[in-house]
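On the provided structure of chain A, position chain B as indicated by the hints.
2 protein chains.
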Amino acid sequence: MEKFEINILGCGAALPTPHRFCSMQVVNIREKLFMLDCGEGAQIQLRRSKIKFSNINNIFITHLHGDHCFGLIPLISTFALLGRTSTMHIWGPRGLIKVFQPQLDFFCQGLSYKVELHEVDTHTPQIIYEDRSVTIETIPLKHKMPTCGYLFREKELQKHIRRDAIDAFGIPVSQINNIKAGMDWTSPDGEIVPNHLLTIPADPARSYAYCTDTVYKPDICKQIQGVDLLYHEATFSNEHKVLATTNYHCTASEAAAIAKQANVKKLMIGHVSSRYKDEGVLLREAKAIFGETTLANDGICIKL
Amino acid sequence: MEKFEINILGCGAALPTPHRFCSMQVVNIREKLFMLDCGEGAQIQLRRSKIKFSNINNIFITHLHGDHCFGLIPLISTFALLGRTSTMHIWGPRGLIKVFQPQLDFFCQGLSYKVELHEVDTHTPQIIYEDRSVTIETIPLKHKMPTCGYLFREKELQKHIRRDAIDAFGIPVSQINNIKAGMDWTSPDGEIVPNHLLTIPADPARSYAYCTDTVYKPDICKQIQGVDLLYHEATFSNEHKVLATTNYHCTASEAAAIAKQANVKKLMIGHVSSRYKDEGVLLREAKAIFGETTLANDGICIKL
Numbered sequence: 001m002e003k004f005e006i007n008i009l010g011c012g013a014a015l016p017t018p019h020r021f022c023s024m025q026v027v028n029i030r031e032k033l034f035m036l037d038c039g040e041g042a043q044i045q046l047r048r049s050k051i052k053f054s055n056i057n058n059i060f061i062t063h064l065h066g067d068h069c070f071g072l073i074p075l076i077s078t079f080a081l082l083g084r085t086s087t088m089h090i091w092g093p094r095g096l097i098k099v100f101q102p103q104l105d106f107f108c109q110g111l112s113y114k115v116e117l118h119e120v121d122t123h124t125p126q127i128i129y130e131d132r133s134v135t136i137e138t139i140p141l142k143h144k145m146p147t148c149g150y151l152f153r154e155k156e157l158q159k160h161i162r163r164d165a166i167d168a169f170g171i172p173v174s175q176i177n178n179i180k181a182g183m184d185w186t187s188p189d190g191e192i193v194p195n196h197l198l199t200i201p202a203d204p205a206r207s208y209a210y211c212t213d214t215v216y217k218p219d220i221c222k223q224i225q226g227v228d229l230l231y232h233e234a235t236f237s238n239e240h241k242v243l244a245t246t247n248y249h250c251t252a253s254e255a256a257a258i259a260k261q262a263n264v265k266k267l268m269i270g271h272v273s274s275r276y277k278d279e280g281v282l283l284r285e286a287k288a289i290f291g292e293t294t295l296a297n298d299g300i301c302i303k304l
Numbered sequence: 001m002e003k004f005e006i007n008i009l010g011c012g013a014a015l016p017t018p019h020r021f022c023s024m025q026v027v028n029i030r031e032k033l034f035m036l037d038c039g040e041g042a043q044i045q046l047r048r049s050k051i052k053f054s055n056i057n058n059i060f061i062t063h064l065h066g067d068h069c070f071g072l073i074p075l076i077s078t079f080a081l082l083g084r085t086s087t088m089h090i091w092g093p094r095g096l097i098k099v100f101q102p103q104l105d106f107f108c109q110g111l112s113y114k115v116e117l118h119e120v121d122t123h124t125p126q127i128i129y130e131d132r133s134v135t136i137e138t139i140p141l142k143h144k145m146p147t148c149g150y151l152f153r154e155k156e157l158q159k160h161i162r163r164d165a166i167d168a169f170g171i172p173v174s175q176i177n178n179i180k181a182g183m184d185w186t187s188p189d190g191e192i193v194p195n196h197l198l199t200i201p202a203d204p205a206r207s208y209a210y211c212t213d214t215v216y217k218p219d220i221c222k223q224i225q226g227v228d229l230l231y232h233e234a235t236f237s238n239e240h241k242v243l244a245t246t247n248y249h250c251t252a253s254e255a256a257a258i259a260k261q262a263n264v265k266k267l268m269i270g271h272v273s274s275r276y277k278d279e280g281v282l283l284r285e286a287k288a289i290f291g292e293t294t295l296a297n298d299g300i301c302i303k304l
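So the sequence lines, in the order shown, correspond to chains A and B. For the first sequence, the working numbering begins at 1 and goes up steadily by one. For the second sequence, the working numbering begins at 1 and goes up steadily by one.
Careful: at least some of the hints might be erroneous.
Derived BS3-like pairs (lysine-lysine); straight-line CA-CA distance at most 25 Å [stated by the list, open to error]: (1) Lys265(B) to Lys159(B); (2) Lys241(A) to Lys287(A); (3) Lys155(A) to Lys241(A); (4) Lys52(A) to Lys277(B); (5) Lys114(B) to Lys144(A); (6) Lys266(A) to Lys217(A); (7) Lys114(A) to Lys144(B); (8) Lys277(A) to Lys50(B); (9) Lys98(A) to Lys98(B); (10) Lys3(B) to Lys50(B); (11) Lys3(A) to Lys241(A); (12) Lys277(B) to Lys50(A); (13) Lys159(A) to Lys52(A); (14) Lys155(B) to Lys265(B); (15) Lys277(A) to Lys52(B).
In short, the hints are calculated from the structure, not lab data. Only a predicted model underlies this, so the values are computations on that prediction, with no experimental measurement involved.
For reference, chain A alone in the conformation it holds in the complex:
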């Protein structure tokens, strides 16, 4: 199975705690690394994680609150000190350039590599990144400022070759890629061997949706329908539902309601307010609505 992993480096809300850094994750798809948000201390968490973080070429910021982006300029500075040469692409909502270009100009003069800032549309879902393995699209969210989540869709995988069948029919190595791609095999004496005898179906393509910060916004369910994993903010418990709405955040129950309506395979809740001594309350409230829920923790790695 090709790699598709999500490394949680920080999953706290606005206030970091000794156990939770602010929002940041690294998605590893077939050894391509994508960073999601970049809270304070990102470079510290990256070092701790053993991720080969010099391979990160794209960082996606959901919105320009400090707990989602204070680690960006320090990380960019450190990359330069480490001698980076490859271009870094930073993606984020309107305002990204106005806020970060002056900081780049001041703190990152004479950088050893290029940093390109890309502002994305937060109103309509758009594919903003595509390569051979994955597409990444924006998920319009609603918070105190322009905000979007990000949806990773793995591209169709190739079929697996049945080594025994290839040997039995004496098929040359040069034809393997064609057969993986679905072609039948015609032997030198004209016999046609159908593809299904030579291959095992491909693993289903996987998908991951990252949705934080946002009010309860059920109109995202269509876009994220059936994803393998949904990370959704769950800043508050039911007890603080009014506070959640006032501050454009969600309760754990609301996150679970999105998961249920979107029929996702698994839900992970995060962006947990530091007020909860017993964070289990959030997990219990979510699980009451959507059983396949887990609570994010700094340092964990989820393999899809």
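Below, chain B alone, put in the same frame as chain A:
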């Protein structure tokens, strides 16, 4: 003895490591807290330290390289989330306002307290802060950009009362402060008791000099002559002396030469380059010139 403590929260150079955060310290003088530099993760280190950091009202930045100030805006944001109301004063070289005012305007809108940015002269020593316990003055340093260190001079302490003598002469409580301040005592029947019979001399006033980042700059020795503790940058070992000079940094030997020439009581070296697997080399080189040297470490507290 009144409190005069230096808490080292970070003492690494440009690149933080798992063991060393970037530059930051908290000086506690009679329960007044002063922060020196504010590297990335300052709020994380402050929480770990058990310092009552809401009591910090003054932060002194040596220069505007990121490893000395990336933690500032996140810390200011967090203070607001914690409901701070007292004014915070930030001191630093020319450029402070240009760099940080836009970030304050963007990330810290509607703050619950005032933040005042004060630019200081980095060319001539100046007393920039004074209260009943301490004066704080700038120490002109030389680095790639305007830079100054900070010198804390405790004010003269009061004499200690000899409780036994006070009792023996029947001196009323109302006179204690006068006697602490040096007055003799005249009894109701005209007998004069000289002050030295009633008091024990005050503890000597203490001083602390914080000098980072800088090239070898012996002209600071006059200003910091005889301080109880000098914290001086020692980014490189003798092996990398050329690199030190090129980058406007010091070797450990140069830091020790300053300590010796300034006749300080103790030297602590810090701002150690992350390149040294064996940091002991820096300590050994410094101690060869100035015996009373220690190497800074994150989390330690030095009591003067």
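Outcome of the hint check:
1. Lys265(B) to Lys159(B): Cα-Cα ~23 Å, so holds.
2. Lys241(A) to Lys287(A): OK: Lys241(A) and Lys287(A) at ~17 Å, within 25 Å.
3. Lys155(A) to Lys241(A): violated (38 Å)
4. Lys52(A) to Lys277(B): holds (20 Å)
5. Lys114(B) to Lys144(A): holds (23 Å)
6. Lys266(A) to Lys217(A): holds (18 Å)
7. Lys114(A) to Lys144(B): holds (23 Å)
8. Lys277(A) to Lys50(B): holds (18 Å)
9. Lys98(A) to Lys98(B): holds (14 Å)
10. Lys3(B) to Lys50(B): Within the cut-off at roughly 16 Å; holds.
11. Lys3(A) to Lys241(A): violated (38 Å)
12. Lys277(B) to Lys50(A): holds (18 Å)
13. Lys159(A) to Lys52(A): violated (29 Å)
14. Lys155(B) to Lys265(B): Given that 25 Å is the threshold and the Cα spacing comes to 18 Å, the pair holds.
15. Lys277(A) to Lys52(B): At roughly 20 Å apart (the allowed maximum being 25 Å), Lys52(B) and Lys277(A) satisfy the hint.
When each numbered hint is compared with the structure, violations occur for hints 3, 11, 13.
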